[in-house]
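Each chain is listed here by its residues.
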Amino acid sequence: MMTSRARTAPPTNAGQNTSTVPVPSGRAKRRGRGSETRLAYIFLAPLLAIFAGFYLWPAVATFLSSFFTWGMLNPWRADQPDTWVPAGIDNYTTTLTSADFWNAALNSVVWLIVFPFLVVVISLALSLLIWEAKKGTGFFRSAIILPMTISLAAVGVIWGFIYNPDPNKGLLNAALKLIGVGNADLNIGPLELHLGRWLSNPGVLHLGGLDVRLTNIMIIIPAVWAFVGFGVITFTAGLTSVPAELVEASKVDGASRWQTIRHVTLPSLRPSIVVVVVISIIFALRTFDIVFVTTGGGPAQDTEVLGLLLWQQAFQFLDSPKAGQAAAIAIIMSFVLIAAAMPFLRKNGNPS
Amino acid sequence: MTSQWRTLTLYAILTVASIVWIVPVVGAGAIAVLPLDQSTKGWWTADPATVTFANFGRVWDGGLSGYAVNSLIIAVLSVLITLAVGTVAAYAFARMRFRFKGFVHVMLLTTMIVPVQIILIPLIPWFRTLGLNNGSWQYLGIALVHTAFGAGWSIFMLSSFFEGIPNELLESAKIDGAGSFKAFSAIALPLALPGIVSFVIIDFVFVWNDLLMGLTLLDADHRPITVGLANLNAPQLNQDDLISAGSILAILPPLLLFALLNRYYVKGLFAGAVKG
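Protein chains in written order, with numbering that gives the first Met the number 0: chain A, 0 to 351; chain B, 0 to 275.
Bound-form chain A, shown alone (with noise of 0.2 Å):
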């Protein structure tokens, strides 16, 4: 992972200083050094600009907000005292108390342990075969990563064709008539499968006194569909900075194919593997689109996740107002994403 990054970094500046050209005076480097520093305030101030007024500050007022009662018919504003309407936590207690809550919590959790998980076997597992493979991969790799660049809404549309119920219209329970299962409901165990209902009930899996509905799961498997590309990209990425001489070295030593994976190519991966589940992990909690476009949260509230209900709070129920506790919700997904990725940021946030 860092090695491309040491390989293209320059070795030393040590060439400078034995050059023929005469080393500038004490004085007139310190005098460049300052010019230099001023131009890289100039490059920044722009950016540093828009990123204040459309990110720091509107962040602040999410928080800020989420300390008082309002809605977008009244909303709070900050320069104007009237618009305040103090409610101290209530915001969070109410928000934390809260069935509905507690519900889109629930299947945001299934989001977050489901899809990174998918995301990563399936993306390895399909690097891993395409590096073994020697003809075609560019059109295997091609297709694979192909609907990385379709929106998550018209993902949505597209799979709404294939978990069509009508055998007619859709794939999958084209193919269900076909084998003459059609619509079967099973019980394997703790789980209870309808087969044919994609959509709208294709079941339950009873966890002692939890109920996971597996609507989230076919919702889930088009987001995978579509982010398995970044996966790939990124562990082909990751393979070709596998020591060759590693690979062949346990390949004398008699180790089976499997065996080199197993201890040679995975935890040369990792470092990948980090990024791919990391980056997932955020993709997970901030899923609003494809559930908006599919299911819109139904049926019932089966699929809702938290950034689907705090945007029907805020925008959506325009008579009650309840941006404030919309704000709660943000800003404890914030933290909840912040307290996961730390590690990350620590180990990527100082540019040398």
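If you're looking for bench data, these hints aren't it; they were derived computationally from the structure.
Among the hints, a few may not be true.
Claimed, not checked - With a straight-line cut-off of 20 Å between C-alpha atoms, the simulated SDA-like cross-links for lysine to any residue are: (1) Lys134/A to Asn261/B; (2) Lys133/A to Arg256/A; (3) Lys40/B to Phe52/B; (4) Lys134/A to Leu9/B; (5) Lys134/A to Thr1/B.
To be verified - If you want the footprint, here are the derived chain B segments under chain A, 3+ residues with CB under 8 Å: (6) 20-26; (7) 84-93; (8) 102-112; (9) 138-147; (10) 244-256.
All residues carry an ideal CB built from backbone N, CA and C; glycine is no exception.
Following the hints, put chain B in place on chain A, whose structure we already have.
Coordinates of chain B only, in the frame set by chain A:
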């Protein structure tokens, strides 16, 4: 297992996987080029003689054209602003010294981590305060939000291209009497150009594909094509022909960019991935 069988299994799995990855798009494309009475009997059994492009015209004239124009304006404006302010800032991060560099860098990178929902809620009143909630000003407003929220990615990617330029080249330019700005504009910028092209493609696709910000921040006349597609997608209306044609039109610009500039696209992500 003999090596012949192994090779056969390998290609069988890869072929099946490729088909699975392509079929959803092919299916939507097939429904889009068939009359409704054909596609509702199963697009895989349809009569190829009935293929028509009429659905595209109908959905385009039925209102999708307006959404497509909005998407184009928003994406081009966002990319231009991001490029103008992002390349210079990325160069500063890659090649210059200044105070609080590490801190500012971490602040920018937080945009890659927190959900976009963190800034969304107060933006509507904030746009009203700034006067960005009326008419065409909304395009500027959303482009600035895309620039700000994309700042982490743009600095992350663009600075990796500037870091790839050998230090000797920039130093020798300075020794030859060129100022720091000249070293940037005459040496670094042209050398980083392939990387910048990759970034432009990825940023364009990213903005084009946004649904959440366009849906939330813009009024009905200025919303992007993703919103137009979501509006079409009403199953009870029995308009699979229009929905599919709309979805193909919405994914076409990113797909074309991907097909034509595949090398740049993958290279850009590759650079990010290698650096990460």
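Hint check results:
Distance check on the hinted pair: lysine 134/A and asparagine 261/B sit about 19 Å apart at the alpha-carbon level, within 20 Å; holds. Proximity of lysine 133/A to arginine 256/A is assessed by CA-CA distance (about 16 Å); at most 20 Å being required, the pair is judged to hold. Pair hint lysine 40/B plus phenylalanine 52/B holds up; C-alpha atoms about 19 Å apart against a cutoff of 20 Å. Proposed proximity of lysine 134/A and leucine 9/B is supported: the alpha carbons are some 11 Å apart, at most 20 Å.
Only pairs whose Cα atoms come within 20 Å are accepted, and lysine 134/A paired with threonine 1/B is accepted, the gap being roughly 19 Å. Residue count for the segment 20-26 of chain B with a Cβ under 8 Å from a Cβ of chain A: 6. That meets the three needed, and the coverage hint holds. Requiring three or more residues with a Cβ within less than 8 Å of a Cβ of chain A, the coverage given for the segment 84-93 of chain B holds, as 8 such residues are present. Here the segment 102-112 of chain B counts 10 residues with a CB under 8 Å from a CB of chain A, which clears the bar of 3, and the coverage holds.
Given a C-beta distance limit of less than 8 Å, the hint that chain A covers the segment 138-147 of chain B holds, as 4 residues qualify and 3 suffice. Counting residues of the segment 244-256 of chain B whose beta carbon lies closer than 8 Å to any beta carbon of chain A gives 7, which reaches the threshold of three, so the coverage claim holds.
This entry satisfies every hint, going by the numbered hints stated previously.
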